[in-house]
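Asks: For this one, chain A is given, so just place chains B, C and D with the ligands on it according to the hints.
Here's the letter readout for the chains.
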Amino acid sequence: MTEMTLVQAVNRGLHEAMKGDPDVLVLGEDVGVDGGVFRATEGLIKEFGPDRVIDTPLSECGIVGTAIGMALYGLKPVAEIQFLDFIYPAFDQIVSELAKFRFRSGGQYPCHVVVRAPYGGGIKGGLYHSQSTEAYFCHTAGLKVAIPSTPADAKGLLLSAIHDEDPVIFLEPKRIYRAVSGEVPDGDHRVPFGSARTVVPGDDVSIFAYGAMVPVATEAAEALRGEGISAEVVDLRTLVPLDEATVLASVEKTGRAVVVHEAARFCGFGAELSAILAEKAFYSLKAPIARVTGFDTPFPYALENVYLPNAARVAHAARATVRSG
Amino acid sequence: MTEMTLVQAVNRGLHEAMKGDPDVLVLGEDVGVDGGVFRATEGLIKEFGPDRVIDTPLSECGIVGTAIGMALYGLKPVAEIQFLDFIYPAFDQIVSELAKFRFRSGGQYPCHVVVRAPYGGGIKGGLYHSQSTEAYFCHTAGLKVAIPSTPADAKGLLLSAIHDEDPVIFLEPKRIYRAVSGEVPDGDHRVPFGSARTVVPGDDVSIFAYGAMVPVATEAAEALRGEGISAEVVDLRTLVPLDEATVLASVEKTGRAVVVHEAARFCGFGAELSAILAEKAFYSLKAPIARVTGFDTPFPYALENVYLPNAARVAHAARATVRSG
Amino acid sequence: MANAVSPPSAPLDSGATPLSAEQRLSFYRTMVLSRAIDERCLSLQRQGRIGFYVPASGQEGAQIGCAAALEPDDWIFPAYREIGLALWRGIPFRTLLDQFIGNAEDIMKGRQMPNHYGFRDKNFVVASSPIGTQITQAVGAAMAIQRRKAATVTATFFGDGATSSNDFHAGMNFAGVFRTPTIFFCQNNQWAISLPRERQTRSSTLAQKAEAYGFPGVVVDGTDVDAVYRAVRSARERAVRGEGPTLIEAQVYRYGPHSTSDDPRRYRADEELQAWKRRDPILRLKELLLSSGQWTEAKDAALLDEVRAQIAQAIEAAEAVPPVAPATLFEDTFARRTPQLEEEKAAFERLVQEGVIRP
Amino acid sequence: MANAVSPPSAPLDSGATPLSAEQRLSFYRTMVLSRAIDERCLSLQRQGRIGFYVPASGQEGAQIGCAAALEPDDWIFPAYREIGLALWRGIPFRTLLDQFIGNAEDIMKGRQMPNHYGFRDKNFVVASSPIGTQITQAVGAAMAIQRRKAATVTATFFGDGATSSNDFHAGMNFAGVFRTPTIFFCQNNQWAISLPRERQTRSSTLAQKAEAYGFPGVVVDGTDVDAVYRAVRSARERAVRGEGPTLIEAQVYRYGPHSTSDDPRRYRADEELQAWKRRDPILRLKELLLSSGQWTEAKDAALLDEVRAQIAQAIEAAEAVPPVAPATLFEDTFARRTPQLEEEKAAFERLVQEGVIRP
Ligand SMILES: Cc1ncc(C[n+]2csc(CCOP(=O)(O)OP(=O)(O)O)c2C)c(N)n1
Ligand SMILES: Cc1ncc(C[n+]2csc(CCOP(=O)(O)OP(=O)(O)O)c2C)c(N)n1
Ligand SMILES: [Mg+2]
Ligand SMILES: [Mg+2]
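Chains as they are written, first to last, in our numbering: chain A, 1 to 325; chain B, 326 to 650; chain C, 651 to 1009; chain D, 1010 to 1368.
One thing to keep in mind: the hints can contain errors.
[Stated by the list, open to error] In silico lysine to aspartate or glutamate, EDC-like type, Cα no more than 20 Å apart, as pairs:
hint	chain 1	residue 1	chain 2	residue 2
1	B	Lys-371	C	Asp-913
2	B	Lys-449	C	Glu-922
3	D	Lys-1354	B	Glu-569
4	B	Lys-449	C	Glu-992
5	A	Lys-286	B	Glu-577
These aren't lab readings, by the way, just hints derived from the structure by calculation.
The following block holds chain A by itself, in its conformation from the complex:
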C-alpha cells in the first residue's frame, strides 16, 4: 500500500501495466516529454522510451485510429485524449470502428484499446474543459465505460481496463485528481468491472453516483445522517457493464433513489438508472426518483459552482424524496 493522489494512481497503473507487458504502450498529445498536461504520464518516457510513450501530432482522429490499428495487430495501446471535450474529432473512430470491430467481423477482430480522458468540471475550465458526456459512450453498444472515484479504484480499474478484451473508455475525474489522497495497493491491483461499491450503507434512501460526484454524495449522506436520515451511497465504478444487482438491491431496501451526475440531465446516464428502477424496482419504490445533475445548458465558466451538483443539492433532493414517500 502506498498513499497517493488519484492522478498518481493512474500513473502507477500505467507504469505497472507497461512493466508487465511489452505490448502495452501509451500515445497522445504531450504524453511523452511533457508527461501529460495533468502529469498522468510523468516519467513514463524516461523509463519506457519514446517507442512506447508516443507524442503524437494534434489529431485525436489519428490517435484513436492508429491505436485501433495497433490493437488489431496485437498491441495494447492506451490512448490519452487531453480533455474529454476534445474527443469528438475521434468520435467516428470510436463509435463506428472501435465499438464495432469485434461484432462486424463475427468475432475475428477483437479491438482492445483503452481511451483515457480527464472529464468533468470543477477546475474552472469553462465550456470546453469541463464536460461530462459519458452517456454518448454508454449508449454505444460495444464500449465499456469505467469511472473511478478513488486513487485505489483509479489504479485497479485502469489495470482491469488494460487487461480487458474489449475497448474501454476510461474517464478520470480531473476535479479530484489531486484533491484527495488514498492508500493504493502495490503491484498488479485490479478492480473488476461491473461491481459497484457501497461507500456508505444506509436504509432510507439510495444515492447513486460516480467519479467526482461520489465525494459530493458522501458529504450529503453525512449531512443527512445528522438529520436522522440514513442514506446509502453507491459508487457505480463502471457504467458499462452496470452492476444492476447492487443497484436494485439497494433500492429494494431503501425504496427511494437519488441519481447524481455532473452531466446535463436530459438523456444523461441518470435517465437510464431511473428507467431501470422504474422497470425492475417499481414495486419497491416509495417515492419519485430524483435526479441531481448539471443543467440542460452548455457548461459555464464563471457560474461553474452553481452548475455543478453540490452536497446541499443532493441532500435537498434526498430529503424531499424521503419526505414525499
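Replies: Same frame as chain A, but now just chains B, C and D with the ligands:
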C-alpha cells in the same frame, strides 16, 4: 392538399423554403446533380442552381463546418448527411460548435443550421446504414431534434426547422420514406416544435413512439383493441423540445407506459422518457414502465427483422403492463 | 507508366524483378474471375437473391496488380470495393458469397452488408462503410509492425472521394511523422458516387497530396496491371527498407453503378465510360498475352466457361446454407456477454419461443 | 520576405501600397499595448485575479501585420491567442478584461475561459477551444460572401498544431474546390504545447500543404510586420478578385508558456527562445522607427507609461464590476427557453432562494 410520400414531402418542404427565402440553401454529398441518394433533393438544382444546391466533397466535417460559417454570416443552410451513420466526422462541429455558438458568445452569434439525415433500420442496410442515435443529439444542450412520422409532418416540421432560430437535427425515417403516402398541405405548412400528436386515443396504456416506430405502435394498438385493451399512441414529433405536458397527461390518464424506439435501449431516448415519468407521474403509475427498443448490440444485417421492434413486441409489452398493474 | 509526382527517396522502379509469363497468366485468371463475379452478382441482386452489391469492374488491373505486389503477411486494410484483392489473397468466391447472403456460414455472421468482409487468417481486415476510417488504422498497424521489427507492411485501399476524409489527413500525417511502412493505395475511379474527381479537390493529381506530408506520391495507370505491380513493389521495398510510406494513385474508371442502389446515368456521360473501356485492363492484358503467344482465344473461352461454372456451383452451394441463427445476434458485442446482454438474450429467446419475434 | 512556396496565380506583392510612417507607428503602438497586456495578465493570473491566460508575446508582428491588412468588414475567425487582432479591431482592453474575469459586463456573459471572446459588431467571431474548428467555418462564411457577391474576405487564424486537425483538411479542401475568398493565416510559433513543429508533420514547410488543395501557400517572416502586411494584403486582393484562397505561414515564436497552465522548461531549451528574441518583432519595428527619425527613446518611454496607466485603469474598472448574475445561466442555450429550461430555471431560483445553491 396533395398526396405524396414522406420523402416527397421533404422535397416539397425544401422547395417551399427555397422559393420563399433566397438565403435558404442546401448542401451535401450527391444532393445536386444526382438529386440525393434517396431523391430528397431531386429537381432542386434545376430550379435553384448549383449556388444554392451545392454538391460538396466527401467530408461531413466540411459540410457542417461550412454550413455553420454560412449561418453565422446570415444564410440559412440545410445540410444533408447521406446517412445518420456518417455524421460522426462532423460530430465535433455539431456538439462543440453548432450547439454552443449562441451560448458561448453570450447570444451574439445565433447559429441556425438544419442538419438533415435519414436514420433507422428497415432497408437492410446493416451496421452502417441503419442506426438510430438520436440520443446523442438529445443529450447535447443547444440542439433541437425533430423526427417526423408522416408526410404532412415531414414537410411541416422541416419548414418549422428551417425557420427556427436554433440549430435543428432533423432525422428522417428512411424505412417509411416511400412506404406510406399521405395528404400534405400545400404552401408554407408548419408544424410547431414541442407539440406531440395523439395518433390513437386510448385509456388503458400509453405507447410513446416517434419516426418509423409510430406505424408500428399504431399497428400494436389496433391489435390490442381487438383484445379489449385501449392503447393510446403518442407520436412525440420533436424530442427536443419535448412535449412533456402531453406525455404526462396521457400517463395520468392511463397509468401505464410503453416507450418504443429502434435505438439500442441502454441510455436511449426511452430512458429519458421513463425517468421523466418516474419523477413526475410517479403517483399515477400503476405498473412498471416498459421499453421496447433495439437490443444493446450493434445493428445487424441478416437479422435486422429480429432486431427492430415490431407490432407484436409492442403489443406484448403493453399487454404485460396492463396485466401487471 | 509509374510517374513520380514528387521524387521518391529511391527510384521507384529499382528493385522490381520483371514479371514472368506465369505470373501474368495468374493475374489474368483472377481478373477474369473478378469481372465474371461482378456480372453475376449484379444479376443476383436484381433477382433479389442478394440484397446489395458493389461492383469493381474496370478496377481489376489496379486491384490485382497491387495485390500481387504484396506479400501474404502484409496486412490489407480495404474499403468495400476490393474484391480483386480478396480473390488474389485466396478467398474462395463461395466464402464471399456466404457473406453477401449473410447465411449461417458467413464468417461475419450476417452482421454486415454485402462486400463488407474480412478474413483474419488472410491478413485482410474487415471493411466498414464509413469512408476513410481504415486509413489511420493501417498506419497504426504499421506502427505496430515497426515495434515488432517485422519486415512487412500495411496497405490501405480507398477511393478518390476518401482523400477528402478526416482519416486520410490524419493517417497520411502520422505515416509521415512516424515514417511507417504503409502503402496508401488510392483507386481514383474518377467518381465518388455522383461527384467527379475534379470537384472532389482542386489539386491536379491526388498523388501530389503526399507532398503535404513529406513523402512521395506517384500516379500510375491503373489499367496497366504491370505498371501497378511495379509501383507497389517499389513502394513496398522502400517501406521495408525503413524509408517510409508512399501514396500511389492508380487511375482507373468505375464501369458500373456506384452500387446497386445507384444509377450513373443521372450524372455522367456514356462517352466517358466508352473511352475508358477502350483501355480495359483485362483486354489490355489479354492482348499482351495473345500477342506473346501465351494465350489463345480457345483457352480464353475455356477459362470463361470454367469460371462461370465455378461461380454457378458456389451460388448453388451458398444458397443451400440455412440462414444465420437468430441468437447469434448476442455474440461478439463483447468477448463475453455482460449480465445485461445475457438478460436481453434470454428475453429475446422467450419472445422467439412465444412467436412474438419471428425470425 | 514573402517567399512564395508554390507560385500564386498573381504575384503576391503586386497591389500593396507602401506603408506610411503613420501606419507603422500605429502598428507599433498596438504591438506595445499587446505585449504590455500580456505581461500584466500573466501577473494577474499568478495573483489569482484572473483564472487563466494565453500569452501572445513574440507573435505581435504577425498579428498586427495581418490585422492591419484586413478591412473592417472582413470577418475574422480566430483561435484563442489572437489578442493583437482584437486590439487592432478596436476592442478596448477593458472589454477583453471583462471577458477574462467573466464579470457582469462580459459580453460573453462569463460563459467561456479567458481569451475565448468574440465581438459581432467588429466581425470578430467568438473563439472556442477545440483546435481547428474555426477553419471550416471561415470557409463557409466565405461561401456566403460569394453568394452575397460582397467584395470582402474571411480570415482564419490557427497554429502549427492545427494543421493536423480534421478541419484544416476539410476547410482547405472546400476552399480550393469552391475558390473561396479565404485567408488561412497560420502562426507557426514552432510549438503545439510540447510538440515541436518538426514532429507535427514531415512536410518541410506548412505553407506547402496548400499544394494538396490546388492553391498557393506562402511563408512569411512573422517577426517582420511589414512583410506580413504585404503578404496578407496580396492574398486579400487575390481573394477579392475571385482568384481564391491563400495559405500564409507566418513563422514566429511563442515566448511564454502555452498558457498559464504550462511550464515550457519541461520541453524546450532556453537558447531557442533567446535566439528568437533577438528577432523580436517589436524591437525590429522600434529600430526601424528610431532609425527613420520618426521615434525617440523619450517618446517610447512615454508610450509605455501611457499604456501601463491605461491598463491599470482598465483593471481597476473591471474588478469593480459585480459578478455575472446566476440566472443568466439559463439564457442563450436557445433563442427562447424551452418549457423544460423554464422549469429548470424556476427550480434553480428556488434552490438559490433556499440557500441550497450558493452563487
Ligand atoms: C463518412 C461517409 N460519408 C458518406 C458515405 C456515403 N458514401 C458511400 S461510398 C461514397 C463515395 C465514395 O467515393 P470514393 O472514395 O471515390 O470510392 P468509390 O466508391 O468510388 O470506390 C459515399 C459518399 C460513407 N460511406 N461514409
Ligand atoms: C481538438 C483539440 N485537441 C487538443 C486540444 C488541447 N490543446 C490546446 S492548445 C493545443 C496546442 C495547439 O497548438 P497550435 O495549433 O500550434 O497553437 P498554439 O497554441 O501554438 O498557438 C492543444 C493540444 C484542443 N484544444 N483541441
Ligand atoms: Mg471513386
Ligand atoms: Mg503553435
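Asks: Of all the hints given earlier, name the ones this structure violates by number, lowest first.
Replies: Hints 2, 4 not satisfied by this model.
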